[in-house]
Amino acid sequence: MGEHVIKLPDVGEGVAEAELVEWHVKIGDLVREDAVLAAVMTDKATVEIPSPVDGEVLWLGAEIGDTVAVGSPIVRLKVAGVAGAEGSEAPPKAEKDLSKEEPGSTPTPFRASHRSRPSFGPPQGGGGRPAIVPDIDTPKPVPDDRGRAQSPSPSPLRGGVRGGGATAEAAKNAKATATSSGASRAEGEKPLASPAVRLRAKEAGIDLRQVAGTGPAGRIGHEDLDAFRAGGHRAPASRSGLQRDTTVEQIKVVGLRRRIAEKMALSASRIPHITYVEEIDVTALEELRAALNKEKRPGRPKLTILPFLMRAMVRAIGEQPAINALFDDEAGIIHRYGGVHVGIAAQTPAGLVVPVVRHAEARDLWDCAAELNRLADAAKAGSATRDELSGSTITITSLGAMGGVATTPIINHPEVAIVGVNKIMVRPVWDGSQFMPRKMMNLSSSFDHRVVDGWDAAVFVQRIKTLLETPALIFVEG
Amino acid sequence: MKEIACKLLIIGAGPGGYVCAIRAGQLGIDTVIVEAKKPGGTCLTVGCIPSKALIHAAEEFDAVRRAAAGASPLGISTASPSIELTRTMAWKDHIVGRLTGGVTALLKRQKVKIVHGWARFRDGKTVEVETETGRQLIRAETVVIATGSAPVELPSIPFGGPVISSTEALSLDGVPERLAVVGAGYIGLELGIAYAKLGAQVTVVEAAERILPLYDADLTKPVAKRLAALGIELLLRAKAREIEPRRDQLVVETADGAARQIAADRILVAVGRRPAIDGWGLEELDLDRKGRFIRIDDQCRSSMRGIFAIGDVTGEPMLAHRAMAQGEMVAEIVAGHRRNWDKSCIPAICFTDPEIVTAGLTPDEARAAGHEVDIGQFPFSANGRAMTRHAEDGFVRVVARADNHLVLGVQAVGQGASELSAAFGLAIEMGARLEDVAGTIHAHPTLGEAFQEAALKGLGQALHI
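Protein chains in written order, with my numbering: chain A, 61 to 538; chain B, 17 to 481.
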């Protein structure tokens, strides 16, 4: 018997360290070659670390949430046969995966998505399981299967499609493995569970469609129900009355949520915000928007308010370039950008991300709308690339239909301005002789008061107001 | 008029109603059940149980008769046997009596009040019952309609005289010399085969182009073969038209359009069953309907608040075990438990010779549901127990999803195959895969081994074929 040490592989993208977001095994588990051991996250890209060999887990080198340097040992396995005392980062078997996905890098066994994966990983209860590598690809013996069922992360995937496309290995292993353990059901498929499990779920008020099954053919067992409940999913309060709930749940802030937290804290502590709220009469804009949507050619995207706002901002920035900048306060330098790269704060199942519409100044209204839709879909699906999620010079935040009356947006550090869109509401407006129903929308914008004076902030917002209230101005040249 | 109030009122004490009442009683619900006849309903009194008694008697007699004819390969010989059908019927009635008495006792033990009489709705909360001792008014918070079903009558061949339904066929005082059966569904064939074995000359008339049209041809083929061996004449694509005025001839329009007269002492009309929705005031309630049936949701709730419906009155499949499961569920819902209909399958059995069992999806149904399927079929001719029972016809067929081998359905045809329904149903309800069935040791020598072998066959690993 020997020991095999698995080190954190170079996860690419020139990063030196990665955050451990999930363990798929625990000490004592038997793992098979290619079984996923852990997931790590580097600047929004999640990477799974598969085991290069069969063995028993002896030691885990990090806790969830720890930042681990590339090359440091993370797992020690007891392996049969030759003493592989100093385990490799380069098991021969995994090379084919790698050559496919990461040409030219070190031959280390990992499979990265190369996609940012903000979704599928609800941070609560130990985190979801952003399975990039489908388990169904590898034949699993019973012990491994059990290990998974008891793993600390119970995979509370919602109605979820787990696992991506089949790999070459899957094809090779054909029939036997197609049916191996842990396969999950496709979206919309009826959950598979024995009558006893169904009854228990029913009595606990759990919708089995929400529960991931770890059994054969994705069957939901009692342990899956336990895991689902332990994952913070509670039955709706009983009808009999109100009950005290004395539970306190500890939720480790990891992954995307931690990044959001850090960024917000940085912005709020470093930047003295000035927030300026102004109301805008968007009656004419809404009429124009409705007309354009009605007349639009097939294949063109449906217009929301945002593309108009983006175009208006481009014009206003043309007159006030100081608003479209990044402030490097440590170096004391303001980087003023010619191009307007508009970040759009977007809510995804995992949390806030900011996809970026690049060079809005070079895009017309329809182009802005199309790019916006594409990015929003990609962000929600978790398939937006790293490039698409960074590099903005000014940001728009909108709570959509939730809107509210006013917000106090936090600037997307190190930018110097953020424009917040509030809800359009019909309000009575005095036109000098009578009250008229007008569609009114508030704009709540924050500025970095260190480099943007209140006066300039007001001029910027008033300019946008003028443009939006008479939308033809947005499109008039010169 | 006497008046009583209760929490739960059940109309009809068939398998659905009495199970609902027993369970409700166990759960401490104040329950009243109304039944015009004996408790037990169609199933116990004029359906499942008496027909199986008659079928068993017919099988026994047939075996002895064949032995007497020197046709027994087992080496048994005997003098010419006879059957006294009135004694057979008495034996059958005794079984029915024991079972209905048992139901009454169970209801009493759970403190369920039984009201004998014909119920009629006044409104959704009030029912009037005509009893022997006068009228009784029952007010209830919740009502369960479990009125069941009745044989369908053909307008051109109304019941009466020689024309009988399955009910009368189970209480004849002698074996008819010539029996015509209209309808080759499961009821017509079960009784037709039984009477053929008892010595009747049986002719079966069916409008469709094959027997048991609801089952696939592979399953029905062994039954068709057996019908021929029993000397039962089968007229397919033929329509029963009328009864001759002398009332002993059934006029049939045959497949080629010709009229043919079939001499018959009895004419059994078994062309289906209809929900019993007349005569108890359904019109007062104006419940939503689904065809002729009462429309229910997945908790057996009707369109009116506080009124549930279970069993045959709610639609196909009209099977006692479906009604029982519904009755149990409804009692628990009334008791405040969270329940809904979540069954994966309702097995169905046709007690012909040989018997047909189906549970879950057939290959065609599975494909129609969008599944790619693996099918494993194992013949009883390769099963030791079937051979030693001298009943080698038939097979077990397993239908599984090709991608994960989940068992979607199991069908079988063969003598004694009905008992396999338990294993089939359990496998499907537990979400078994082919590997689970194949990996379970099945005792040798039993018919059940054919189930395991069929699963192995589905995996491409059958051992004994």
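Since the hints were made in silico from the structure, they are not lab data.
A hint or two may mislead.
Straight-line alpha carbon distances no greater than 30 Å define the calculated DSSO-like cross-link-like pairs of lysine-lysine that follow [as the list claims (entries may be wrong)]:
(1) A:Lys262 with B:Lys306
(2) B:Lys241 with A:Lys262
(3) B:Lys23 with A:Lys262
(4) B:Lys255 with A:Lys262
(5) A:Lys262 with B:Lys68
Every beta carbon over 12 Å from chain B, so not counted as near; a handful from chain A, in silico [as the list claims (entries may be wrong)]:
(6) Leu259
(7) Ala261
(8) Glu263
(9) Glu283
(10) Ala328
(11) His401
(12) Leu425
(13) Val511
(14) Val519
All residues carry an ideal CB built from backbone N, CA and C; glycine is no exception.
Cross-check of the supplied hints:
For the suggested pair A:Lys262 and B:Lys306, the alpha carbons sit about 27 Å apart, so the restraint of at most 30 Å is met. Between B:Lys241 and A:Lys262, the direct Cα distance comes to roughly 47 Å. Violation of the 30 Å bound is thereby established for this hinted pair. With a C-alpha separation of about 24 Å, the suggested pairing of B:Lys23 with A:Lys262 holds against the 30 Å cut-off. As the CA atoms of B:Lys255 and A:Lys262 are separated by approximately 50 Å, the hinted pair breaks the 30 Å bound.
Restraint check for A:Lys262 and B:Lys68: not satisfied, since their Cα atoms lie roughly 37 Å apart, outside the 30 Å limit. For A:Leu259, the requirement that its beta carbon stay farther than 12 Å from each beta carbon of chain B is not met, with the minimum near 8 Å. A cut-off of 12 Å between C-beta atoms contradicts the statement that A:Ala261 is not in contact with chain B; the least separation is 9 Å. Chain B draws A:Glu263 into its interface by the beta-carbon criterion, the shortest separation being 6 Å against a cut-off of 12 Å.
Under the 12 Å C-beta cut-off, the non-interface status given to A:Glu283 relative to chain B holds; the minimum distance is some 15 Å. Residue-level check passed: A:Ala328 sits 46 Å from the nearest beta carbon of chain B, beyond 12 Å. The claim that A:His401 is not at the interface with chain B holds, since no C-beta of that chain comes within 12 Å of its own (minimum 45 Å). With 12 Å as the threshold on Cβ separation, the claim that A:Leu425 sits away from chain B holds: the shortest Cβ distance comes to roughly 43 Å.
Against the 12 Å criterion, A:Val511 stays outside the reach of chain B, whose nearest CB is about 60 Å from its own CB. For A:Val519, the non-interface assignment is confirmed: its Cβ lies about 62 Å from the closest Cβ of chain B, beyond the 12 Å cut-off.
The structure does not agree with the numbered hints 2, 4, 5, 6, 7, 8 stated previously, though it agrees with the rest.
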